[in-house]
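Student: My request is simple: use the sequences and hints to build the entire structure.
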Amino acid sequence: MDETTLQFIAQQLRQPSGEPGRDVGEKMNVGNEHVNRAAIAALRVTPQDRILEVGMGNGAFVSLILSVDPSVRYVGCDFSETMVEEAIRRNESTVASGQAQVFVAPAEALPFADGSFDKAFTVNTVYFWETPALVLAEFRRVLKPGGHLFIAGRPRRVMEALPFVRYGFTLYSAQELSGLLRENGFSVTEILEKPEPNQTFGGVALPMETMVVSGATK
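Here the numbering used here is used: position 189 in the sequence shown is 189, and no number is missing along the way.
You may find that some hints are simply not true.
What follows is a set of in silico ranges between Cβ atoms, one per label pair, in the way DEER data are often shown [as the list claims (entries may be wrong)]: (1) R182 / G203: 36 to 42 Å; (2) A109 / R37: 25 to 31 Å; (3) R157 / G203: 19 to 25 Å; (4) E176 / A96: 38 to 44 Å; (5) E176 / S93: 36 to 42 Å; (6) G203 / P145: 47 to 53 Å; (7) G31 / G168: 14 to 20 Å; (8) G202 / E33: 18 to 24 Å; (9) N198 / T170: 21 to 27 Å; (10) N198 / Q101: 35 to 41 Å; (11) E92 / G203: 34 to 40 Å; (12) Q101 / R22: 18 to 24 Å.
Rather than coming from a laboratory, the hints here were simulated on the basis of the structure.
The model shown is predicted, which means the values in this text are computed figures rather than measured ones.
The beta carbon of each residue, even a glycine, is placed where N, CA and C say it ideally should be.
Tutor: Structure (structure tokens):
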């Protein structure tokens, strides 16, 4: 696979756009199903929870959260207009009822009042944070006191095998991600690492692994 193609893949993973972005969104639903389900399980959603997801893609997994109880409220944001359009389309009924809301917004400037959410999570976005301290400050601001943040993705040792990550990705081990949380006002409450089935990239089967690091606001 040539470098131009790898750069294009990296760009679309960071901010899916247009028809290629819609295709990437569908592929991410398949390739990232295990890590999304692990992140949502880690939330331990309970009735009355108000939950924020940053970087929800096309919203394929929103129903897993809202199915817990009718009183649960979900808010998603993504800085890809294409993904927001797809998420609204995919979750039309719950958006219409107000149980789900979806916004175009960057992680560095969340358009929500202080203390708005019980729990927040993000899947496969941490690699793209140019200013992690600012993003984590925003999460801390919009969470209620004692609220929980869950950061999910894949650890450095897995991501390093993917050739496109040299274009704009910052990689973390679970320990590095835990340190980042502690440095920015969170106490680390749980670290999950578990294997997934292999995935094929460029004709090569690569081992996959889910990583979820969670922290509570102090």
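Student: All hints, please: hold or fail.
Tutor: Hints and how they fare:
The supplied range of 36 to 42 Å is met by R182 and G203, whose beta-carbon atoms lie about 40 Å from each other. In this structure, A109 and R37 meet the distance hint of 25 to 31 Å, their C-beta atoms being roughly 29 Å apart. Separated by about 21 Å at the C-beta atoms, R157 and G203 satisfy the suggested range of 19 to 25 Å. At roughly 41 Å, the beta-carbon separation of E176 and A96 lies within the given 38 to 44 Å, and the hint holds.
The beta-carbon spacing between E176 and S93, approximately 40 Å, falls within the hinted interval of 36 to 42 Å. Range check, G203 to P145: Cβ separation about 50 Å, and the 47 to 53 Å hint holds. The beta-carbon spacing between G31 and G168, approximately 18 Å, falls within the hinted interval of 14 to 20 Å. Between G202 and E33, the C-beta spacing of about 21 Å keeps the proposed range 18 to 24 Å intact.
Between N198 and T170 the beta carbon distance is about 24 Å. The supplied range of 21 to 27 Å therefore holds. For the pair N198 and Q101, the beta carbons lie near 37 Å from each other, so the given range of 35 to 41 Å is met. Remark: the range hint 34 to 40 Å for E92 to G203 is upheld by a beta-carbon distance near 38 Å. At roughly 21 Å, the beta carbons of Q101 and R22 sit within the given window of 18 to 24 Å.
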